[in-house]
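Visitor: Respectively, the protein sequence lines represent chains A and B. Residues 2 to 74, numbered by the working numbering, are exactly what the first sequence covers, in order. Residues 22 to 786, numbered by the working numbering, are exactly what the second sequence covers, in order.
Calculated from the structure, these hints are not laboratory results. Please note that a few of the clues may not be correct.
Claimed, not checked - Derived list of chain B stretches under chain A, where covered just means 3 residues or more per stretch with a C-beta under 8 angstroms from a C-beta of chain A: (1) 507-514; (2) 681-694; (3) 750-760.
Claimed, not checked - Cross-link-like lysine-lysine pairs, in silico, DSS-like; alpha carbons within 30 angstroms at most: (4) B:Lys595 - B:Lys620; (5) B:Lys473 - B:Lys487; (6) B:Lys310 - B:Lys341; (7) A:Lys5 - B:Lys719; (8) B:Lys381 - B:Lys310; (9) A:Lys10 - B:Lys738; (10) B:Lys719 - A:Lys10; (11) A:Lys5 - B:Lys620; (12) B:Lys293 - B:Lys487; (13) B:Lys346 - B:Lys269; (14) B:Lys381 - A:Lys10; (15) B:Lys332 - B:Lys346; (16) B:Lys546 - B:Lys577; (17) A:Lys5 - B:Lys611; (18) B:Lys388 - B:Lys332; (19) A:Lys5 - B:Lys529; (20) B:Lys546 - B:Lys375; (21) B:Lys379 - B:Lys529; (22) A:Lys5 - B:Lys738; (23) B:Lys487 - B:Lys611; (24) B:Lys473 - B:Lys497; (25) B:Lys368 - B:Lys388; (26) B:Lys348 - B:Lys332; (27) B:Lys310 - B:Lys388.
Since the structure is predicted, the reported quantities are computational estimates derived from the model, not experimental observations. A virtual CB, placed ideally from N, CA and C, is assigned to each residue, including glycine.
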Amino acid sequence: MSEKELGQKWDRCLADGVIKLGTGLGLGIVFSVVFFKRRTWPITLGSGMGLGMAYANCQTDLRLHYLVPKKDQ
Amino acid sequence: MLRACVRGANSTLRKNYGRTPLNGLQPCRHYTAGESGGGAAKVVTAGLMTVTGGIAGTILYAKWDHKFRETVEKNVPYSDRLLGLALGPAPQETGLSVKKQIELAQPPSMMEKAMKVSKAKQEKKVKETTESPIEVAKPVQPAQSLEEASTEVTHIISAISDVPSVPAPCDTEMTPVKEECKECHNHKVTAETAAVSTEIESVAAAEPLKERPVEEVTARLAQQDLDEQEIVASVSGNLDDSLASSAKATLQAIGAQEAALQAIALHTQKLKEAMEAEVPPQEKSTQWKDLEACLANRAAAVNDAGTALLKANEALDNLKSVIDKSKGRNVPAVRPLVLAAEENLHKMVVDLDKVVNKVKSAESEAKVVSQYSELVNEAKLQFQREVSSLTPEIQANWKGLTGKLSTDDLNALIAHAHRRIDQLNRELAEQRVREQIHIDAALEQQKLEYLKSQEAAVNTSLQHIKEDARLEQERKLSELREVMEAEMRTQLRRQAAAHTDHVQDVLKVQEQELKAEAEQVLSSKLLEQETRQRQLSQEQLDNFTLDMNTAYARLKGVEEAIDSHVVAEEEARKAHQLWLSVEALNYTLKTAEAGSPTKPLEVAAQAVRDSCHDNEFALALASALPEESLQRGVYSEASLRARFYGLRSLVRRVALIDESHNSLYQYFLSYLQSALLFEAKQEAPPTQLSGEDLDPFKLLSYASYCLEHGDLELAAKLVNQLTGEARRVAEDWLNEARLTLETRQVVSLLSAYANAVGLGTTQAP
Numbered sequence: 002m003s004e005k006e007l008g009q010k011w012d013r014c015l016a017d018g019v020i021k022l023g024t025g026l027g028l029g030i031v032f033s034v035v036f037f038k039r040r041t042w043p044i045t046l047g048s049g050m051g052l053g054m055a056y057a058n059c060q061t062d063l064r065l066h067y068l069v070p071k072k073d074q
Numbered sequence: 022m023l024r025a026c027v028r029g030a031n032s033t034l035r036k037n038y039g040r041t042p043l044n045g046l047q048p049c050r051h052y053t054a055g056e057s058g059g060g061a062a063k064v065v066t067a068g069l070m071t072v073t074g075g076i077a078g079t080i081l082y083a084k085w086d087h088k089f090r091e092t093v094e095k096n097v098p099y100s101d102r103l104l105g106l107a108l109g110p111a112p113q114e115t116g117l118s119v120k121k122q123i124e125l126a127q128p129p130s131m132m133e134k135a136m137k138v139s140k141a142k143q144e145k146k147v148k149e150t151t152e153s154p155i156e157v158a159k160p161v162q163p164a165q166s167l168e169e170a171s172t173e174v175t176h177i178i179s180a181i182s183d184v185p186s187v188p189a190p191c192d193t194e195m196t197p198v199k200e201e202c203k204e205c206h207n208h209k210v211t212a213e214t215a216a217v218s219t220e221i222e223s224v225a226a227a228e229p230l231k232e233r234p235v236e237e238v239t240a241r242l243a244q245q246d247l248d249e250q251e252i253v254a255s256v257s258g259n260l261d262d263s264l265a266s267s268a269k270a271t272l273q274a275i276g277a278q279e280a281a282l283q284a285i286a287l288h289t290q291k292l293k294e295a296m297e298a299e300v301p302p303q304e305k306s307t308q309w310k311d312l313e314a315c316l317a318n319r320a321a322a323v324n325d326a327g328t329a330l331l332k333a334n335e336a337l338d339n340l341k342s343v344i345d346k347s348k349g350r351n352v353p354a355v356r357p358l359v360l361a362a363e364e365n366l367h368k369m370v371v372d373l374d375k376v377v378n379k380v381k382s383a384e385s386e387a388k389v390v391s392q393y394s395e396l397v398n399e400a401k402l403q404f405q406r407e408v409s410s411l412t413p414e415i416q417a418n419w420k421g422l423t424g425k426l427s428t429d430d431l432n433a434l435i436a437h438a439h440r441r442i443d444q445l446n447r448e449l450a451e452q453r454v455r456e457q458i459h460i461d462a463a464l465e466q467q468k469l470e471y472l473k474s475q476e477a478a479v480n481t482s483l484q485h486i487k488e489d490a491r492l493e494q495e496r497k498l499s500e501l502r503e504v505m506e507a508e509m510r511t512q513l514r515r516q517a518a519a520h521t522d523h524v525q526d527v528l529k530v531q532e533q534e535l536k537a538e539a540e541q542v543l544s545s546k547l548l549e550q551e552t553r554q555r556q557l558s559q560e561q562l563d564n565f566t567l568d569m570n571t572a573y574a575r576l577k578g579v580e581e582a583i584d585s586h587v588v589a590e591e592e593a594r595k596a597h598q599l600w601l602s603v604e605a606l607n608y609t610l611k612t613a614e615a616g617s618p619t620k621p622l623e624v625a626a627q628a629v630r631d632s633c634h635d636n637e638f639a640l641a642l643a644s645a646l647p648e649e650s651l652q653r654g655v656y657s658e659a660s661l662r663a664r665f666y667g668l669r670s671l672v673r674r675v676a677l678i679d680e681s682h683n684s685l686y687q688y689f690l691s692y693l694q695s696a697l698l699f700e701a702k703q704e705a706p707p708t709q710l711s712g713e714d715l716d717p718f719k720l721l722s723y724a725s726y727c728l729e730h731g732d733l734e735l736a737a738k739l740v741n742q743l744t745g746e747a748r749r750v751a752e753d754w755l756n757e758a759r760l761t762l763e764t765r766q767v768v769s770l771l772s773a774y775a776n777a778v779g780l781g782t783t784q785a786p
């Protein structure tokens, strides 16, 4: 069902976002704790990076249908 | 220009008389501010002046130019009233009347021309009619005379010209008759040619002269024959009558003359006897009585002879007149009769003359004798007188008085007798002496008389001879004429023979020609008849074959009908089966439950295919069922409808997303839009989508409306108008809808077809 696709995409997006966010956060925390003397900026950086990656992935996923013809070229 | 002039005039007016209105107005306005009031007044007056000037100018110009007036009246509402008041009624009528006059002038002129033409024609006609009756009248009258003349002319010409159609000259009378006709007509013609010649030309020009036909000619000739025969008969009758009468008269006359002659002879004889013979007195008296009787007889006979002669002469004159008349008739057949009559006449005349001569001679003799007797009687009378003078008492009849006389008387008588004898002797001697003289005188007299008689005789004989000669001549003429006629007849006969030969030749040739023509005609007719016969027979054959063909065709038709009935029944059975299978298919469509599709249609479709394996249309339709429906089945409309509502919200959410706008931000915006934008839940779609109707929200409302009203097709069409992501999202639903629609369409077609076939009215080709 094509109408379920979008929902699925959103699910993926969300899941991916969560993962990436969590991962970024974790890595940020880790890096902040380990390398950057418990500053907050690596956490935000990591979460931001995670979020950003998630955003980009989500966008790409959503755009994928429209990008396909260009790839075929 | 006028306006300019008017304005100029106004300005001059203002210049010249501007003060007075101003002065006039000023007292009214002295309580107001002068300049301003004056200025206003000036303006007002100027405006009024221009207006009036304009109006006056338009009126004047309208008076001058009618078209301008019309335009003004048309354009400005109540100007016509104003202009009417000012100038009088619109001069349109005059213009129209002028035009009308022009137009009227044209048609009257045309009419006049037409009238003139018609008049001329009528005059011509009248002239012609007048001329024609005149001509008709004229020709009628001359025609009548012309007709007569023409008939006469035709007579003449037909008579003069050789009528070739005259039959063979077997009857010889034709030719003399013809001759006579010619002569007659020539005689007639000479009298009438003068009158006819002037008209012959016109007649010849007017009527072609026709030859009289044979029958007419023969009839005419026969008529002429008859006429001539009649004439001849009449003439001969007349002649015979007159001849007979004259012959009778002459015979009578001759008889009378002979009788008279005899009577005279007798009388003379008797007289002689009486004179000379000495008979006794009784016999003398009887003799004298006889003599007297004879004399009476003679007188009577002579009278009779005279009357008879007169009668005979009359008759002869009659005869002569009749002969002359018949001569005047100028008919040749009469001539011999005439000739014979003339001869007879001549003979009779001759006889009559002879007899008359005889009678005359006898009479002369009788005269002599009578003279002698008279002398004797005179002597006797003298003697008687003497005797009576001597013897007065004795009467004449002294011979019977022998006894009565006395002797003295006797002596006196004897003496007287002696004296008388002496006297007589003396006279005798004198007489003998004068004998010669007397004889000479008598001879002379006789000679003279003889000469006279001779002359008369000569004359009569001359006349007779002349008559004879004339008769001879006439006889000779008639003979000659006969000879000539015979010759002419022979010539004509020869001519006629030649003519008959020629005619025979011509006839032969004509016969041959006619024969050939007739044969040709016959052959052509035969051919025609044959062809017609053939045609008829062919027609009959054709008709028969046609009938046979029609019968055969009908038979065939009947057979075909029967076969087709069988076929139809078969078809009907098949159709029934098809229908059943289609119904089954239709039923399977209905088996769709709420969310799940129907059962796969494969089985039913197969059944349908089986039931219509020879029907291409149905096969095609059955094969047109989409695979999906066959394998998987189709969703029902209700499920689609339900699905649509879920779809609708999703589509609303991704309404802004398309190829170019598909970032997350756009997604967010789209979501925002869907949250903030409210559209009608259902909206009736217009019949034609315009540009603004392609907005997804609108489309969704239209589609939901359609779905609510059961129009899946239109809803699908509307959803099909979605673009971009919305379209992608709705794609599946659209496909399902399409499938359903397709299947439904096919099934409905099939069912319709099955119904139709089942009804037996249609059979797809």
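Visitor: Next step is simple, just say for each hint if it's right about the structure.
Guide: Right, here's what the structure says about each hint:
Counting residues of the segment 507-514 of chain B whose C-beta lies closer than 8 angstroms to any C-beta of chain A gives 0; at least three are required, and the coverage claim is violated. Only residues whose C-beta sits within less than 8 angstroms of a C-beta in chain A count toward coverage, and the segment 681-694 of chain B has 4 of them, enough to reach three; the restraint holds. Counting residues of the segment 750-760 of chain B whose beta carbon lies closer than 8 angstroms to any beta carbon of chain A gives 5, which meets the minimum of three for the stated coverage. Our distance criterion of 30 angstroms between C-alpha atoms is met by Lys595 (chain B) and Lys620 (chain B), whose separation comes to about 26 angstroms.
Distance restraint check for Lys473 (chain B) and Lys487 (chain B): the Cα-Cα separation of roughly 20 angstroms lies within the 30 angstroms cut-off, and the hinted pair is therefore satisfied. With a C-alpha separation of about 44 angstroms, the suggested pair Lys310 (chain B) and Lys341 (chain B) falls outside the 30 angstroms cut-off, and the hint is violated. For the proposed pair Lys5 (chain A) and Lys719 (chain B), the alpha carbon gap of about 23 angstroms is at most 30 angstroms, so the pair holds. Proximity of Lys381 (chain B) to Lys310 (chain B) is assessed by CA-CA distance (about 25 angstroms); at most 30 angstroms being required, the pair is judged to hold.
Simply put, Lys10 (chain A) and Lys738 (chain B) have alpha-carbon atoms about 27 angstroms apart, close enough for the 30 angstroms limit, and the pair holds. Among the hinted pairs, Lys719 (chain B) with Lys10 (chain A) is consistent with the structure: their alpha-carbon atoms are about 26 angstroms apart, no more than 30 angstroms. Only pairs whose Cα atoms come within 30 angstroms are accepted, and Lys5 (chain A) paired with Lys620 (chain B) is accepted, the gap being roughly 24 angstroms. With a C-alpha separation of about 40 angstroms, the suggested pairing of Lys293 (chain B) with Lys487 (chain B) is violated against the 30 angstroms cut-off.
Restraint check for Lys346 (chain B) and Lys269 (chain B): the C-alpha separation of about 21 angstroms stays at or below 30 angstroms, so the hint holds. Pair hint Lys381 (chain B) plus Lys10 (chain A) does not hold up; C-alpha atoms about 202 angstroms apart against a cutoff of 30 angstroms. Straight-line distance between C-alpha atoms of Lys332 (chain B) and Lys346 (chain B) comes to about 20 angstroms, which keeps the hinted pair within the 30 angstroms bound. The hinted pair formed by Lys546 (chain B) and Lys577 (chain B) fails the criterion: a straight-line CA distance of about 44 angstroms is larger than 30 angstroms.
The suggested pairing of Lys5 (chain A) with Lys611 (chain B) holds, with an alpha-carbon distance near 26 angstroms, which does not exceed 30 angstroms. Distance hint between Lys388 (chain B) and Lys332 (chain B) is fulfilled; the C-alpha atoms sit about 25 angstroms from each other, no more than 30 angstroms. For the hint linking Lys5 (chain A) to Lys529 (chain B), the alpha-carbon distance of about 127 angstroms lies beyond 30 angstroms, and the restraint is violated. Note on Lys546 (chain B) and Lys375 (chain B): the hinted pairing is violated, with a Cα-Cα distance of about 89 angstroms set against a maximum of 30 angstroms.
The hinted pair formed by Lys379 (chain B) and Lys529 (chain B) fails the criterion: a straight-line CA distance of about 76 angstroms is larger than 30 angstroms. A hinted pair counts as satisfied when its Cα atoms are at most 30 angstroms apart, and Lys5 (chain A) with Lys738 (chain B) qualifies at roughly 22 angstroms. Our distance criterion of 30 angstroms between C-alpha atoms is broken by Lys487 (chain B) and Lys611 (chain B), whose separation comes to about 165 angstroms. A C-alpha spacing of about 34 angstroms is found between Lys473 (chain B) and Lys497 (chain B), which places the hinted pair above 30 angstroms, so the restraint is violated.
Between Lys368 (chain B) and Lys388 (chain B) the CA atoms are separated by roughly 29 angstroms; this keeps the pair inside 30 angstroms, and the hint holds. Of the pairs offered as hints, the one joining Lys348 (chain B) and Lys332 (chain B) holds, with about 23 angstroms between alpha carbons and a cut-off of 30 angstroms not exceeded. With a C-alpha separation of about 19 angstroms, the suggested pairing of Lys310 (chain B) with Lys388 (chain B) holds against the 30 angstroms cut-off.
Of the numbered hints stated above, those contradicted by the structure are hints 1, 6, 12, 14, 16, 19, 20, 21, 23 and 24, listed in ascending order.
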